[in-house]
Amino acid sequence: MSVRARARLRAEPDGRGGTALPVLESDGPLALRRTRSAHAAYARVTVVGAMSAPLNGDRLAIEAEVAEGARLTVDAAAATVALPGPREDTGPSTYTVDLSVGEGAVLHWLPEQLVSAHGSDLHQSTRVQLGATARLLLREEQILGRHGEATGALTTRLTVHRAGRPLLDQQLAYGPAAPEGWDGPAVLAGHRAVGQLLLADPSFEDAPLPARLLGPTAALTPLAGPAVLVTAVAADARLLRGILDGATSELLGGLGEGSGG
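Heads up: the sequence shown begins at 10 in the working numbering, then just goes up one per residue.
Honestly, the hints are just simulated from the structure, not real lab data.
Ideal Cβ placement from N, Cα and C applies to all residues, glycine included.
Among the hints, a few may not be true.
Now the in silico label distances, taken between C-beta atoms and shown as ranges [to be verified]:
#1 Thr-44 with Thr-168: 36 to 46 Å
#2 Leu-264 with Leu-222: 39 to 49 Å
#3 Asp-23 with Glu-189: 48 to 58 Å
#4 Ser-134 with Asp-23: 27 to 37 Å
#5 Val-32 with Gly-224: 36 to 46 Å
#6 Gly-78 with Gly-262: 44 to 54 Å
#7 Ala-187 with Ala-85: 22 to 32 Å
#8 Ala-29 with Glu-158: 40 to 50 Å
#9 Gly-157 with Asp-178: 15 to 25 Å
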């Protein structure tokens, strides 16, 4: 039987310089736990997988709202592994993430890698609504196949609106259902780890960053709005994380911020 699960959380200022979590609702395999933050102003929530998911046919969703002035970091205890499941007639699984960040609020959305196992079929979508003065750090990593196996079918879409206007709308597709050329020299060139790092900050309106390479397999691109997008490919998950961690430290250091973890 396919799983239907929706988890919810809301962060808001606690009136003492910190952040409270009045809503923290887990569901099915999506277990949310408040964990210790390295920064007093931030609340931290860790997604703990309670069972193997998503399997083909599952429908998973997470909703996170960061109210005006609140600060929240969301991470995960382990990678998400998309699996084929016991039946072949269930269709693709879906994993939907809806994020809302209010005025003056900060969200660091830092899940672990998404692994597309052979035979799986996953459609993932992340939708973000930002206030005009909101700040967002968002990381996504896709690992195409477990060690020594071919990738499954994976489609991801990241849509971000700021103050009601589009900031980013990007869709990626890999595996047997993707258009031809997805693994060719102009796209992945045989790499099996793909990642994106998005940083939206109002300070970029006055001091936008220039486009540049971050090594041989990564690039930083300014967006038409106060945001930058880092895109990277690598041979494996470890190398990819190293590239994105380096970019995170550099970008947040330039803004005088820490990770908020």
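So, going through the hints one by one against the coordinates:
1. Thr-44 with Thr-168: 36 to 46 Å: Taking Cβ atoms as reference, Thr-44 and Thr-168 lie about 28 Å apart, which means the hint is violated.
2. Leu-264 with Leu-222: 39 to 49 Å: violated (21 Å)
3. Asp-23 with Glu-189: 48 to 58 Å: The hinted range 48 to 58 Å holds for Asp-23 and Glu-189, with Cβ atoms some 53 Å apart.
4. Ser-134 with Asp-23: 27 to 37 Å: holds (31 Å)
5. Val-32 with Gly-224: 36 to 46 Å: holds (40 Å)
6. Gly-78 with Gly-262: 44 to 54 Å: 24 Å Cβ-Cβ, so the 44 to 54 Å window is violated.
7. Ala-187 with Ala-85: 22 to 32 Å: Hint holds: Cβ distance 25 Å, inside 22 to 32 Å.
8. Ala-29 with Glu-158: 40 to 50 Å: Given range 40 to 50 Å: holds, Cβ gap about 44 Å.
9. Gly-157 with Asp-178: 15 to 25 Å: violated (34 Å)
Consistency with the previously given hints fails for numbers 1, 2, 6, 9, ordered from lowest to highest.
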